[in-house]
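Enquirer: Listed below, chain by chain, are the residues.
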Amino acid sequence: MTAASVLKPPAAPFGTAPRFPAGIRLVWLYLRTRRVPTGILALAGCGAVLGAALHWHWEFNSGPYAQQVPMIIEAGAAAVIAVTAQSPFGEAERATGRWLPYLRLLVAVALAGLAILALQLGAVGESLNDGVLVLARNVIGFTGLGLACSLVTGGLLAWTLPLGYMLFCQYALLELWRAPWAWPVRPPADRGAWICASAVFAAGLLLFTVRGPRTQLSDNG
Amino acid sequence: MSVVSAPPSRSALPRLALPRSARVLGLEFKRNAVPYVLPLLAAAFYFNTVRTADGYPPVWTLRASTVPNDMLFEFSVFAAGLAAWAGSREGRRKTVDLVATTPRAAWARLTVALAGTLCWLLLAFLAGVAVVYVQTALQATWGGPPLWPVFVGAAGVTVVTVIGFTAGVFFPGRFTAPLVAILVVVINQVGFREALNTTTGGGSSLLPSSPASAPYALLSPSTSSPLVDAGVYYHIAPDVAITQVMFMGGIAVAVFGVLGLAPELRDLASVFSRRPPRAVFARSDGWLLRAVTVILIACGVAASWTAFALAGTARLDAVTGEWEIPALHYGASDQPVPYAQDCTAGSAFQVCVHPAFGFYLSDLAAVLEPVGAEIAGLPGAPVRAEEVASVSGGLQVMSGTSGNPPVFQFTAEHVGNLFGEFHGYDPVAWREGFQQGLLNDFLGGQSLGSGPVPVPLDAAQQAVENGLLTAIGSPPSSTFGGMNMNGKVTTPQTAAEVSAATQRFATLSAGARHAWLASHLTALRAGTITVAQIP
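First to last, the protein sequences are chains Y and C. Position 146 of the first sequence, counted from 1, bears residue number 233 in the working numbering, the numbering being contiguous throughout. Position 306 of the second sequence, counted from 1, bears residue number 309 in the working numbering, the numbering being contiguous throughout.
No wet-lab data here; the hints were simulated from the structure. Backbone N, C-alpha and C fix where the C-beta goes; we use that ideal spot for every residue, glycine too. Relax, there's no trap hidden among the hints.
Stretch by stretch, here's where chain Y covers chain C in the computed footprint (C-beta under 8 angstroms, at least three residues): (1) 42-56; (2) 80-92; (3) 171-180; (4) 185-198.
Calculated Cβ distances over 12 angstroms to all of chain Y for the following chain C residues: (5) E31; (6) D100; (7) R112; (8) L125; (9) L129; (10) V134; (11) C302; (12) V322; (13) E389; (14) I475; (15) G476; (16) Q506; (17) G514; (18) A529.
Could you build the full structure based on these sequences and the hints that come with them?
Expert: Now the structure itself:
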């Protein structure tokens, strides 16, 4: 036996040869461990519920009440994204390489975009109060809160903060609050509300990318 | 000293023996996730419920309406989500097979986890109710805490918790908790919309109108806030509340029964299960348990169905104007509640209110007395103001001046042309509202009764009212400009004329104003005086 034969990688068993480049396989494994495919189905479900709410007029046509049901569903979509932050491997995964933060960043951004797309598709042909701009602003703001919350609670309970903030915004909506940090109650083109929502999203995303969600030894997804 | 004579160690002393189930419940209580979310829930409770209740006058029925309307909404989110989290524990931790070997039935194990979560949530809920009720008790001047809203709220928290927990047991994924929470809140909102349709269908009416989907609307615990004096002049019949508790309790019992069949249903639902249904049920926890679960499901469905059917028979009460369900209605609750009015003493213009609104009496007297003094002695001028019920004979009562000597009668909902004056206590707007209300009725010749909201004052009447208000140091009415008056929208020119006439009239001496009113009041009420004729 020579050193050359040791250094040579063993032949892959028949039928198990990699079919995809390593990068794609890495991304796919990341998505599967975060249950992202199921999350996408859940986002599609949120879009369907929004479409049903608009079609069968579960919400009011105008006035402050009109934004209530869409806001609840937007918070739900953000909660779904936040929950995908959970890793089944916990601490051990952090020592595996340098790609993990990039994967977190890309997947979170992609899911936020998919959530906006799914909800907008659900609202196609219906009259969505305040339109897609408020929808997008709410989704990114709530998602930022959820990602930030995952640093404290872990991914599985990261839905609590977006939903808690949504409850507060329901009150702010009916009381006609106008503070920019209560962005879900502001008009579509309000600059302050966009700045606040974007800042929350950016901060949540940055922290989530760099630090990752809180992990425990007992994490098993 | 021998081993035998040695005293037993402390650990060998008999300990307080708790029942095993109580110890397990204690462990569940200690390890539950609900306490970690309590700060968030408390913040939502403060903003949504406490602040809303603060905006209402301290009348028990009105303040208590925040329990099913606001508290239940915010508790539903966390109750459903956290219960789903607790219910999904075995599946999430992949211990289903491990715990399946324990001697107790799966239902007993799940019941303890459910009870721990439910205890926390009900404790938090009752603590919130205590905050609202203690705050109201410190401010209210009459009446006592209504309990039915608390029962409805507790039933709502219970049913949402049981549904969330069961969803967690059957679908133990990471997405179950947020999705169940969202679905529960959406259902809550849909019910709220249906319920609100029962009060917005009547145009300007504040009373309920028959909705298209009455049963669903009535079974929704979230609804619009009641009339300000609801429960003050007549008792609130518990018919609808009983139906709601029965409906939600029935669902909770039925879903709890389904939980008893969780292992079997999970096996049946599994795509990998190749066992026939008989084999699945044969390995379950015994016929007695299955019989109990089936009975629970049947009882729950029967209770909910009965409640739904009862809600379908609801009709508007001919006396109180509220919903009544004949099969549950107790006729004695339609009798007026006896009370003695709170009145001011020692002033020429007496003001009387129901004792439930006694906290406003001195403010109200301070607001109305200057107006009363300004018009004293004129034909039809009231010598007294008193509050009456806002609903009589099932119809809403509009305020007005009637009787001999004339008495200005207002309700908690209608004062002159204005309504909802008692609903939020904005000191400035509130003061203006009552002064304008008294003058509206006096100058417009409105008498007390049922019917549509009185027509607004014409330009001359408005100018005189504004002049009188300015004379006593109050701001004039700001609701005139642009108002649709007798089918015509007032133009800026008319508004300017009214403003000029107001200034002229206000600068007259009190005697001159009084003398002009004494000679022109009949014509002014008849609408034959123009703005230009006002001195």
